[in-house]
Amino acid sequence: MLLLELSGSFLIGAGYNETIEKMTQADGILLGFPVYTANISANMQVLLERASVVTDMNRRDNLLQHKAGAAVTAARRGGALHTLDAMNHFFMLQGMYIAGSSYWPMAYGQMPGDVTNDEEGLVTMKHLGQNMAYLLKCLKGGTDL
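Once you know that position 130 of the sequence shown is 130 in UniProt numbering, the rest is easy, because the numbers rise by one and skip nothing.
Just so you know, not all the hints are guaranteed correct.
Stated by the list, open to error - Derived lysine to aspartate or glutamate pairs resembling EDC-like cross-links, with alpha carbons at most 20 angstroms apart:
id, residue 1, residue 2
1, K137, E49
2, K22, D56
3, K22, E49
4, K137, D85
5, K126, D114
6, K140, D27
Since the hints were derived computationally from the structure, they do not count as laboratory data.
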């Protein structure tokens, strides 16, 4: 199974066309982005909008339909839920299946590495990973629903 993970550092300097091509080849897509001003940043917004245009222009091919998706974020305080919503809306628009968790998949911290002190956030991420793996297995026909 191929899982494509997209994070803030991945997008810097990356070619959008190449990234979108990888998205179409992946079994699942994990979007992760930190909260800066209560939303995803311009880099992620551009990627999601460009990918949406590509899939819309190729609607008959269902490029991302029936793939697994999950989104995660890290925040100092506010805006995490809105950031998750922005990424999850992309999945819904594409006809993808969204993996959930035991709580909102977000972790809190101000400085790099601080989120490792957010025990609830780490447990939530672990559950999300387990659910994403299960969903991918189901989509590949590896388990009965």
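To see whether the hints hold, each was checked on the structure:
1. Between K137 and E49 the CA atoms are separated by roughly 28 angstroms; this puts the pair beyond 20 angstroms, and the hint is violated.
2. A threshold of 20 angstroms between alpha carbons decides the hint, and for K22 with D56 the separation of about 17 angstroms falls inside it, so the pair holds.
3. Pair hint K22 plus E49 holds up; C-alpha atoms about 16 angstroms apart against a cutoff of 20 angstroms.
4. Between K137 and D85 the CA atoms are separated by roughly 25 angstroms; this puts the pair beyond 20 angstroms, and the hint is violated.
5. A distance of roughly 17 angstroms separates the Cα atoms of K126 and D114; the hinted pair therefore holds under the 20 angstroms criterion.
6. Of the pairs offered as hints, the one joining K140 and D27 holds, with about 9 angstroms between alpha carbons and a cut-off of 20 angstroms not exceeded.
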